[in-house]
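Protein chains in written order, with UniProt numbering: chain A, 1 to 100; chain B, 1 to 176.
Among the clues, some could well be false.
[Unchecked claim] Computed cross-link-like contacts, SDA-like style, restricted to lysine to any residue with a CA-CA straight-line distance of at most 25 Å:
{"id": "1", "chain 1": "A", "residue 1": "K78", "chain 2": "A", "residue 2": "L95"}
{"id": "2", "chain 1": "A", "residue 1": "K96", "chain 2": "A", "residue 2": "S76"}
{"id": "3", "chain 1": "A", "residue 1": "K78", "chain 2": "B", "residue 2": "A118"}
{"id": "4", "chain 1": "A", "residue 1": "K78", "chain 2": "B", "residue 2": "V121"}
{"id": "5", "chain 1": "A", "residue 1": "K78", "chain 2": "A", "residue 2": "S48"}
{"id": "6", "chain 1": "A", "residue 1": "K78", "chain 2": "B", "residue 2": "G136"}
{"id": "7", "chain 1": "A", "residue 1": "K78", "chain 2": "A", "residue 2": "K96"}
{"id": "8", "chain 1": "A", "residue 1": "K78", "chain 2": "A", "residue 2": "H54"}
{"id": "9", "chain 1": "A", "residue 1": "K96", "chain 2": "A", "residue 2": "R57"}
{"id": "10", "chain 1": "A", "residue 1": "K96", "chain 2": "A", "residue 2": "G52"}
{"id": "11", "chain 1": "A", "residue 1": "K78", "chain 2": "B", "residue 2": "R123"}
{"id": "12", "chain 1": "A", "residue 1": "K78", "chain 2": "A", "residue 2": "F55"}
{"id": "13", "chain 1": "A", "residue 1": "K78", "chain 2": "A", "residue 2": "I26"}
{"id": "14", "chain 1": "A", "residue 1": "K78", "chain 2": "B", "residue 2": "D120"}
{"id": "15", "chain 1": "A", "residue 1": "K96", "chain 2": "A", "residue 2": "V71"}
Please keep in mind that the hints were generated in silico from the structure rather than gathered at the bench.
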Amino acid sequence: MLLIHCPYCDETLPEPEFAYAGEAHIARPADPMALSDEEWRDFLFIRSNPRGNHFERWRHVNGCGRFFNAVRDTVSDKFAMTYRAGEPRPNLDALKEAAE
Amino acid sequence: MTAQIHSFPRSTAVAVTVLPLEARFSLRLRAASREAAEAALGLPLPDRIGRTSEQGGRRALCLGPDEWRLDVPAAEAAAVAGALEGGIPHALVEVTDREVTFLIEGPGSLDLLAIGIARDVRRLEVGRGARTVFDGVQAVLVREGEERFTLAVWRSYASHVEELLRQGAREIALGL
Ligand SMILES: [Zn+2]
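Just need the whole structure built from these sequences, with the hints factored in.
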C-alpha cells in the first residue's frame, strides 16, 4: 500500500484516505472564448504523461479534505515530495542536490 | 433516532455500544475568523488538524484547515446554532442526525479497529481524532482513552459498519 504525506495534516497516511486528481499546474485559461478549438482540446485532454517524475494533484478526501500536489515517479510509484496547493512547481534538480 | 444494537457478544476484550445523540455541528470558517468564533462559542478551536478542545461541556475537533466538528449538549443546540450570527463569515450546519457514533472500548479495541482502518491507530494519541476510512466508509475516529474510541459514520453506512464490528468483536471474543 502506498503511504502518502499530506502537507496539511503533516502526517504520512495510507492511500485509501486519498484520491488521485490528475496532472498538477494546469491553469484554466482566463478567457476560454479567445481559444481555438485545438487549444481548448489541449487544455481539456492533452497531458504530459511522462515516464518518470510526474507533477500531480491528490486530495486527502478521507481526511482533511484538501487538494495538494505531489511529485511521483510513474515507474517506481515512489513519491519524491508533496506540497500545498498554490505553491510553485518545485525544482527537482535543486531537491536532488540538497539531498546529496 | 438511534440505531439499535441487539446482539453484540458480551466480552471483556472489546465492547461496542452506540452512543446516544447529543448535538453535533459541522463548522467551516477561515483562520482570520477563528478568534472571534472562539469568543462567540465560548470554546477554543484548535488550529492543528486532529486536536480536540473542551470547555463547559462543549467540544471541538479540528478536521481540516478550516473545518471543525462541534459536540455540544442537546439542550445547547439552539444556542450554538445562533452563536455565530452577525459579523463572522462562516458555515455552521447541525449534523446530529446524520451520524451514528459507536463507542469501542476494551483491550481488544485496537484489534477491532484494525479490521477496517488502514492507518496505524496505535499512533493516534489520546485526546486526538481524525477523519479516516473504515472498510471503505468515511469515518471520524477519536481516541478517548488508551483503550476507548469513538467511531462516527454516516447513518446510511451504519448497518454495514455495525455488522463488521459485530463480526470482529465476536472473533476477538473467541480468541481467533
Ligand atoms: Zn490531510
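Here's how the hints hold up against the structure:
| no. | hint | in the structure |
| --- | --- | --- |
| 1 | A:K78 - A:L95 | 15 Å, holds |
| 2 | A:K96 - A:S76 | 17 Å, holds |
| 3 | A:K78 - B:A118 | 19 Å, holds |
| 4 | A:K78 - B:V121 | 24 Å, holds |
| 5 | A:K78 - A:S48 | 18 Å, holds |
| 6 | A:K78 - B:G136 | 24 Å, holds |
| 7 | A:K78 - A:K96 | 14 Å, holds |
| 8 | A:K78 - A:H54 | 10 Å, holds |
| 9 | A:K96 - A:R57 | 21 Å, holds |
| 10 | A:K96 - A:G52 | 14 Å, holds |
| 11 | A:K78 - B:R123 | 23 Å, holds |
| 12 | A:K78 - A:F55 | 12 Å, holds |
| 13 | A:K78 - A:I26 | 22 Å, holds |
| 14 | A:K78 - B:D120 | 20 Å, holds |
| 15 | A:K96 - A:V71 | 13 Å, holds |
No hint from the list above goes unmet by this structure.
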